[in-house]
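Single-letter residue listing:
2 protein chains.
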Amino acid sequence: MTSEHSVGAVTARRLHFEQPLATVAGAVLPSYDLVYETYGSLNADRSNAVLVCHALNASHHVAGWYVGDENNIGWWDNMIGPGKPLDTNRYFVIGVNNPGSCFGSTGPASIDPHTGTPWGSRFPVMTVADWVEAQARLADALGIASFAAVMGGSLGAMQALQWAIRYPQRVRSAVLVAGTARLTAQNIAFNEVARRAIVTDPDFHGGDYYAHGVKPKRGLRLARMIGHITYLSDDAMMEKFGRASRAEGFKYHFDVDFEVESYLRHQSDKFAEYFDANTYLLITRALDYFDPARACNGDLSAALAGAQARFLVASFTSDWRFSPARSREMVKALTDNRLDVSYAEIDAPHGHDAFLLTDRRYHAVVRAFFDTLAREQGIVGGAGQPIELPGRVEPAVAPAGLPQSGFAA
Amino acid sequence: MTSEHSVGAVTARRLHFEQPLATVAGAVLPSYDLVYETYGSLNADRSNAVLVCHALNASHHVAGWYVGDENNIGWWDNMIGPGKPLDTNRYFVIGVNNPGSCFGSTGPASIDPHTGTPWGSRFPVMTVADWVEAQARLADALGIASFAAVMGGSLGAMQALQWAIRYPQRVRSAVLVAGTARLTAQNIAFNEVARRAIVTDPDFHGGDYYAHGVKPKRGLRLARMIGHITYLSDDAMMEKFGRASRAEGFKYHFDVDFEVESYLRHQSDKFAEYFDANTYLLITRALDYFDPARACNGDLSAALAGAQARFLVASFTSDWRFSPARSREMVKALTDNRLDVSYAEIDAPHGHDAFLLTDRRYHAVVRAFFDTLAREQGIVGGAGQPIELPGRVEPAVAPAGLPQSGFAA
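Taken in sequence, the protein lines are chains A and B. For the first sequence, this note's numbering gives the first residue as 1, with consecutive numbering after it. For the second sequence, this note's numbering gives the first residue as 1, with consecutive numbering after it.
The hints are simulated quantities; they were obtained by calculation from the structure and are not laboratory data. Treat the numbers as computed from the prediction; the structure is a model and nothing was measured. Each hint should be verified, as a subset may be incorrect.
These stretches of chain A come out as covered by chain B in the derived footprint (C-beta under 8 Å, 3 or more residues) [to be verified]:
| # | region |
| --- | --- |
| 1 | 66-75 |
| 2 | 243-254 |
| 3 | 260-266 |
Beta carbons are placed, not taken as given, at the ideal position from N, Cα and C, and that holds for glycine.
Generate the whole structure from the sequences, applying the supplied hints.
Right, here's the structure in full:
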């Protein structure tokens, strides 16, 4: 058993891409930046790279911390590091911020060089497939022909699945945690409420609020509250808050009277400060649209016919937005194609957020998967940095104060 | 088997109460109107009266239809009528609109006689216990000393439970459908998001929007969307909408691309037209605050120690906002007190809304309960109207176009 440590102080890099990105929706992002981080070192045969894809409210800052901002810890730091389930003594791990984000890579709040003003409403609608294209170009720039694994939770799992479909020869394994091959109508509906909250906020200004010096914070707060509630389980919320009231007895008003109200307001206030509303629209829409089976008349097995990776699929019993039933659909479609699939349904009380939390059984499953992968593929750790990382050092892009839960999907 | 018919054309009545209603919150409603309807006729010994309590988006219009508005059918018309599970050939059924509502009884949109302007933000916060007091006064006015049953679904079940606690000698049975003795933190949280949507709408004006000639419709729409989603099950939504898109292929925008989005917008637009925002705040708050066990250190069995009624408790397997587990808590507390309790957990796919829908097994359980009650208590139907119904005829108070689902809690 290796002792577990943080990857320590990390540095983000910003890499510019001049090649236009043509999107599934038929638009073109003429040029763009991607911000990324790496942990561990690439080995001599470049066989130990793992790409980690982020979900709704996360970024390239997956592990470690920043000098001068030591409390800004990567969102999957409990999973990734020396001796951790995804062991950076052996694997070279890459975290990348997707285009459309508000955490560094080019997004709606970025300046469109052709106009000198923020992209705003003119930023192209992004899909999971578009993100995978952008990530593939980063892999090219890093000289990585094939990933030992592409890994993600929630929306990140969608990206890993898309990688396995789109680039079967570049993905030797895919780790899909708390994922789905398509959202249910209920999930789309929750996303729609969040979007309506933002779009109908008078401060939204059709998406071009930057020019007005305002943000649709009312809408962002509501969107965040809905997300927060639905990423937790009923039981987990009851365990955490119960029906506790803030003071002795009720005040009988429409303001805060229960702990859960106070918590939601605090979390949503913080979120509305640092998150961009257009990014929220864009990312929830990417969730809605993802549906690889759609091109095959709804037949997911057919959609996965070209995949070659081995798979680890993991779900959590109390996750009702990305329920185990959704993971089992993927497992069935993968096994229909006689692919090598491990499936773990983790008995965990925390809802969708469980994928971000430390759970002994969950982490043991991921650790065993990566250990087996290394053994069977002869993957050894790199000794120092064999490549110069491209792009310029990014001074301070990652968001401070990412909440510890409820930021999953 | 009696053939099932509608109670037919019905008339609402408005009854004025001069006696002030002192609320649990410490406020006073100096005088008020209650609007109510009755179906069937009171028998000679006045033993066949059943009170039906309404939930969030409903009213006193429980069964039948109005002359000139034949499509405006009562919200529990499938349950109540001649030959129906609650048989109006045998029982005298009363539907009453609670104070604070926007469907006829005095509420925030009513004129405060002391100021000549709408109550608005000054309307007292109402609790379930306050509603039961108001209902008891209506029972007094009708000369009903004891109800054969007090019955309700969701928030209506809370009122029936409160009746059994507060007036044990006036409630011979209580029918609690899709209810709970207290909301969970998750439920309070959903209510809080709905309230925040309303309160942060710039058209809310602190609750006194009437004077501004506007309504916080943006907030009401969002509140309604959240309610609608959570009163349905994931499976029921998937069955109804799937991932169907409106046209061929996606438009890739933030407007409507999925059927479920179109449906939610349509439903919420309608709702925002006819519902009052202050009533939404008030009713969700009554849901949050209801917690009879609170006075007994959380011991529900102790809170129910004085109850004497026989109980029918029913829940639905796919109801995740008022789940079977909540009903089982009530059943346990009732049986702890050696009360006569029947419990039915109905395997139904429609979520919380199931309590409003026609389900053979569910209706059979209710029918059997009322049949047994009549047999054991020697309840016979009334022959014509033995009492003059107090109050003046109310011309047209009930809302037109109540949606067929999603209006439960």
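These are the hints, each one checked on the structure:
Check result for the region 66-75 of chain A against chain B: violated, 0 residues qualifying (beta carbon to beta carbon below 8 Å, three or more required). As drawn, the region 243-254 of chain A meets chain B at 5 residues by the rule of a beta-carbon pair under 8 Å; at three or more, the given contact holds. Requiring three or more residues with a Cβ within less than 8 Å of a Cβ of chain B, the coverage given for the region 260-266 of chain A holds, as 4 such residues are present.
Hint violations for this structure: number 1 only, all remaining hints satisfied.
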